[in-house]
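Residue numbers (this note's numbering), protein chains in the order written: chain D, 95 to 454; chain G, 95 to 454; chain U, 95 to 454; chain B, 95 to 454; chain V, 95 to 454.
Calculated directly from the structure, the hints in this document are not laboratory data.
Hints may contain errors.
It does not matter which identical chain is meant; a pair holds if it fits inside one copy or across any two.
[Unchecked claim] Heads up, simulated BS3-like pairs for lysine-lysine below, C-alpha to C-alpha not over 30 Å straight-line:
1) Lys452 <-> Lys261
2) Lys316 <-> Lys201
3) Lys201 <-> Lys140
4) Lys174 <-> Lys452
5) Lys395 <-> Lys316
6) Lys395 <-> Lys452
None of these values were measured; they are calculated from a predicted model.
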Amino acid sequence: MPGLAKRVFQRMGPHRKAGLPPGTLLHIGEVKAAETRIRIIDYDEKEYRETEVKAIEDCFSYTDESTVTWINIDGLHEPKVIERLGNRLGVHPLVLEDVLHTGQRPKMEDFEGYLFVVFKMLQYDENLNEIIGEQISLIVGPNYVISFQEREGDIFNPIRDRVKNGKGRIRRAGADYLAYALLDTIVDHYFVILEALGEEIEALEEELVAHPTPETLQTIHKLKAEMIFLRKSVWPLREVVNGLERGDSPLIAESTRIYLRDVYDHTIQVIETIETFRESVTGMLDIYLSSISNRMNEVMKVLTIIATIFIPLTFVAGIYGMNFKFMPELEWHWGYPAALGVMFGISIVMFIYFRRKKWL
Amino acid sequence: MPGLAKRVFQRMGPHRKAGLPPGTLLHIGEVKAAETRIRIIDYDEKEYRETEVKAIEDCFSYTDESTVTWINIDGLHEPKVIERLGNRLGVHPLVLEDVLHTGQRPKMEDFEGYLFVVFKMLQYDENLNEIIGEQISLIVGPNYVISFQEREGDIFNPIRDRVKNGKGRIRRAGADYLAYALLDTIVDHYFVILEALGEEIEALEEELVAHPTPETLQTIHKLKAEMIFLRKSVWPLREVVNGLERGDSPLIAESTRIYLRDVYDHTIQVIETIETFRESVTGMLDIYLSSISNRMNEVMKVLTIIATIFIPLTFVAGIYGMNFKFMPELEWHWGYPAALGVMFGISIVMFIYFRRKKWL
Amino acid sequence: MPGLAKRVFQRMGPHRKAGLPPGTLLHIGEVKAAETRIRIIDYDEKEYRETEVKAIEDCFSYTDESTVTWINIDGLHEPKVIERLGNRLGVHPLVLEDVLHTGQRPKMEDFEGYLFVVFKMLQYDENLNEIIGEQISLIVGPNYVISFQEREGDIFNPIRDRVKNGKGRIRRAGADYLAYALLDTIVDHYFVILEALGEEIEALEEELVAHPTPETLQTIHKLKAEMIFLRKSVWPLREVVNGLERGDSPLIAESTRIYLRDVYDHTIQVIETIETFRESVTGMLDIYLSSISNRMNEVMKVLTIIATIFIPLTFVAGIYGMNFKFMPELEWHWGYPAALGVMFGISIVMFIYFRRKKWL
Amino acid sequence: MPGLAKRVFQRMGPHRKAGLPPGTLLHIGEVKAAETRIRIIDYDEKEYRETEVKAIEDCFSYTDESTVTWINIDGLHEPKVIERLGNRLGVHPLVLEDVLHTGQRPKMEDFEGYLFVVFKMLQYDENLNEIIGEQISLIVGPNYVISFQEREGDIFNPIRDRVKNGKGRIRRAGADYLAYALLDTIVDHYFVILEALGEEIEALEEELVAHPTPETLQTIHKLKAEMIFLRKSVWPLREVVNGLERGDSPLIAESTRIYLRDVYDHTIQVIETIETFRESVTGMLDIYLSSISNRMNEVMKVLTIIATIFIPLTFVAGIYGMNFKFMPELEWHWGYPAALGVMFGISIVMFIYFRRKKWL
Amino acid sequence: MPGLAKRVFQRMGPHRKAGLPPGTLLHIGEVKAAETRIRIIDYDEKEYRETEVKAIEDCFSYTDESTVTWINIDGLHEPKVIERLGNRLGVHPLVLEDVLHTGQRPKMEDFEGYLFVVFKMLQYDENLNEIIGEQISLIVGPNYVISFQEREGDIFNPIRDRVKNGKGRIRRAGADYLAYALLDTIVDHYFVILEALGEEIEALEEELVAHPTPETLQTIHKLKAEMIFLRKSVWPLREVVNGLERGDSPLIAESTRIYLRDVYDHTIQVIETIETFRESVTGMLDIYLSSISNRMNEVMKVLTIIATIFIPLTFVAGIYGMNFKFMPELEWHWGYPAALGVMFGISIVMFIYFRRKKWL
């Protein structure tokens, strides 16, 4: 699996420099966004406001109101912004550290007054031909959800539209339902990744049957590494969603838990599909190896049989190439055709023998 | 395992399109039934009524009465029908979504007032020569059972007959016993699948001993994939049945739990048999590979031995084919027969040597 | 593992025909006994009666008395007999079904008023050279034990003798102790099977070292299948015995539980020995495969070396077999011996080289 | 793993003959001691008495006193002795049976008034070059410890000395601390075994790098079997010590539990070391197999290359060995050297080609 | 994995000599420090004192005060020093033994009045090119932390600086937070090790693709052994940190537990990364083996094809080298060129055939 270790290490993100005190806010990750973009959606059943602010202080007023406020922050390269927001809302410094250090594994932590949820958004990069992951963190308070992303993405647009259009349950429900909707969108998106992978596996399966090459082997190993990366990103999510559903946080309404159970089911389905894909890829590896060794064996067998048929013939030719004075056969008029006939006979006999033994 | 990923992905069903709000009712699956067929069986210990209605509203009156009502809906391509039924009975929109999205894994959910059970009916498709699965959902209320199927099937006919003829306990018991009977029928049917698979494995075992071919290998891999698919469909059922048996839902009578324990035992037996089949198939793979490599080795050995015997002989012939002026043996009268004799002797000695070494 | 799937499927027994209502009493299994034989042993500390009855109704009086009654029923092909007994004692129809369907996995079920225990008696069939299993069911009431067997066996004779002779604790203790004694006898008998298997493995180990043949491989695979079958039969017993020992059934006296713990220990020992045997057989497979490939490699190496030594020699002979007009060596008087000498020299050099490289 | 099954079966000991009632006292094991030797050490903080008695009845008076009494019984071939002791102290017959049947797996059982502990003492037999196990049983009462061994050993001598010299905590503490000390000694002794095994593995590692032979393979398999045996003997001890430490028996003082936790830590360390050794041995097997196949491949490659270089040369020689009337080259004066030159050229070209391809 | 067993055994440390009473204080480990160095840092929110004492008695006064005292002891070769400190603070002798015996596995023990924590500091030794571990023990009391190291290291310097400069929360918090900070530093340092390993794996991956050699195989096996060693050192830490976080010790403040949860997350991340590295290394082993066997097969195939093409040609040459009197072809004027042409034709036909079969 060339590159697995490297990719996992890179993508799961670097770690805080040893020696710094905990809670030191430093963005660790690739700086992807040009500037920090702060978008606010504030709504309740009746009203809807959407705005984009420049300074983080501009959001503070929203969180005090009884309406549900969704603050979407794209870009994590300005720790000061995150820090000021965190201080205002009373968020633990370690949480802010985890938001900025984008190498967290998916987790859910229940603090007094808010929930902290980290998970991975996965995307299939067509250029690199591999899955890339991005950390998304949520802080879910009584009437606000703050979402942090490294770079702008359009994956949450349908939710924005649903809120705007007042479609579905979302405008009536609280911040917990909004958090659920975000989580649900991410998990739904995993199926898109799985579909792409599924197609890649299918194509590989056909290639494997039609004309396996050493490149097939490399693709198999690449897929295997992809699967390990995927499993690493999705597996802990199971616990996260379960923790939200079964936890005793008062921030999650009873009616939302049923929806979280639905997300849980989908997560299990994603995990099971990944496992099946892994078994499939492992099976393909076995098939590849046995088909390669089969072909090699076939080649060697045929070649060895050709050699084996000719060696006795050459021997006969060698005999009549000897320079003994007295070799009666050499004098015979029909000696030459007879020798040819004998050779032909030997080869026929050997051919039939090999055929009967099913060697040919 | 060619095609495993594809089949699992296809059969486990597609997922709701990302971005749609949860609870959006859309049938996702292959549209198999020509039209939605709604059959009602309504009974208690004394009475029995069987009817087929066109409009879903016609069932509503039945569910109010104290008699047990079984509503069997074949065909899921009209979400409106499902929705109207769900609304009337107060079923959660996510449940209706799961009924329509036929890619669920087997599960049991306990809602207030009703239980929701999903499982897979398996059938052996003789044409495709593979196992196909169909989702069956049950909504079990206090005095009704609603069963949803994608297409009409005759697997529940014996139960219809038993209800009709008042055979057994079924007419005396409630809706929970009816649900049990449906579940029991499904699990019993798994044994039919297992029997078919068992016969296929047996045939393969004989083929393996008699004359293994590359096709044998493909069949082994196909069976392995079949087993993974089967396990994926049956394994979660264990939890489902256990949840029904040990759960604290008041909808399941104590006397029915003993019957559910029986279904649980059968499920375990099905799972164990699948595991044994898997071990068996894995063992067959090992035997195939070692028998193939054995045969190849035998061929190569014999061929190499033939070559090895002739090479020294050819060398002797080569010596007496040299054109040196002074080679006394060439002048001898018995030189030629002597040379032949020497060659014959060499071959005999080698033959004996190889025999003694057990190489031949 | 040729035949594993078939054997497991056959021996674990067929399943009730799909579609029949639960509790339908039909003997499913091979009809082994000529006729149903009903033997009754009735005892307490003072008295002892042994009798054989023709009609099942003749036992009913015994179960009412305060003495311990052991009803031993050999032969399950008359469902009516079982049914009448079951009805009289108030046994659940599903229990009777399980008694008759001899494909159950070992289990223990705690009903009100009685315990139902199923386990497998194993025997080594010398003719088939394989282990065969037979289902034994026990119904343990407050003062009776009913044991069901498919065919008559003499494995319980020592217990009959102990009861008769009043040897040991058995006459003083109740029905629970009798049930323990039956279970203990079965588990003790497993050690006999293990001893036979152990000897077979030992013989195989010696054969493996002395002269491995393809038959060795087949025996290894047969033993592996045997082990899987054995594990499948014994593994669930662990839970059964544990359930009896730790369960809260009032039918099991505290003093008997210590004895059950002893049986539990033995069951663990049986399971551990099976696991060790499995590891042993797997190790033998590895040794077989590597020794076979080692031998093959040795053969190929020696043969290739022979060929390699002769090919250059033949080349030299070929050179002096050329018909050029002007080849000075051919005219030399000592040309021929010199050529032979050169050949001899080449072969010596190569031989030494190969030796030094440790190739020969 | 030649001999594993045999050794495990032999050493783990035979089982009670099927059919005998439980509690039948019969020594099953190799009779190792010449005669039963009964040594008594009786002490408290102030006093110390050491004596050896002939008849078991002579110990009885000691167990009544408030002093701690250690009765060490070497030799188990006289069941009567064990029985009389057991009866006197009210020990359950099954316990006495387990003492005499030396094939128990390590276990701890909590009876009213005493604890019964079984474990394995391991020793490295230099002659057989394998680890042998001996069963040691302890009965721990309120103020006595009875230890049973099959044959005399000097492993407990340091404890005797510590008691005698009043060194450490042992004279102040009760019977539970004495039992701990015995257990601790056994576990400490495992480290000696591990050290011997570690050295053997090291030697093997060096042999593997320097000059692997088929004997190396056998030693690896032997070590693997040794490891399985070791694990089987030590693994259950973990539970035993944990049971003593966390159990609620009033016989174990709170202050002793801290010491038992220490033994527990050591047991875990032993188990972990065994697991690492196993991984190490498995790794060695892989290295052995790949190095062997590497060497074989190297040999075959070189030999095949030699053959491949000479075959075209021989072909050229064959051409000029043809007897055509009109072959102009044969007439040339420099034909022979030219032919030799051509041959030399061909071999040089091939050599360079193979070199460049990194085949040589 | 050459050397694994040896290294694990050596580094995990030797064990107390069997026979010595528990609590005997003897330093077991390599004596690394020249002399025992005792450094004391004593601080509270306002004050800060740093001093180095010669005699252990000089620390005693510090531990009585209400300030937080950190006693750092480098060098364990003077048991007396440790003993006097332990006695003064009422530390259990077994704890002191564990401090001195540097082969402990990471563990946490909760004693009355203090916590005892053992873990491994890992360092990458550039000279030996392997990871070396050192045991660090902490005794955490209400207002003191005592840390024991075998030799002086500078890993804790940043913490000393943070305390000195009053940076962060550390000066305000108690001894528990200091213990957390030490633990956090160690775990942070693991990431440095992982980074070094990650780079080594990357380099190996590139080497594997570019030009795999037998040395590559050895490096893979070395890395695998490294990984096993690492896992063995880090895995138990998970339980240690969890025990501290979830334990009910009053010594750990509620606010510190959140920080410990952070360390726990990091530990999980370290463990997961190790697991991914292991999978990666195992994958590399597979790739290495299949690429080596691929290359070998390619070589053998090409060589065999060369031989196979020349063998029939040589046979033709052999025919016309026969000395029959009457071979008309030999007399033909164009016989020689015709023979050459036939040979050329044969080789062309074979070449095309092999090409079409994709053998070449």
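Evaluated hints:
In the homo-oligomer, the alpha carbons of Lys452 and Lys261 never lie at most 30 Å apart, since the shortest distance is 71 Å inside one protomer and 61 Å across protomers. With identical chains, the CA atoms of Lys316 and Lys201 are at most 30 Å apart within one copy only, with a shortest distance of 27 Å there and 34 Å across copies. Taking identical chains as interchangeable, the C-alpha atoms of Lys201 and Lys140 are never at most 30 Å apart, the minima being 34 Å within one chain and 37 Å between chains. Taking the shortest Cα distances, Lys174 and Lys452 never come within 30 Å of each other, neither inside one copy (78 Å) nor across copies (59 Å).
In this homomeric assembly, Lys395 and Lys316 come within 30 Å of each other (Cα to Cα) only across copies, at 27 Å, whereas the closest approach inside a single copy is 32 Å. Taking the shortest alpha-carbon separations for Lys395 and Lys452, both the intra-copy value of 12 Å and the inter-copy value of 15 Å come in at or below 30 Å.
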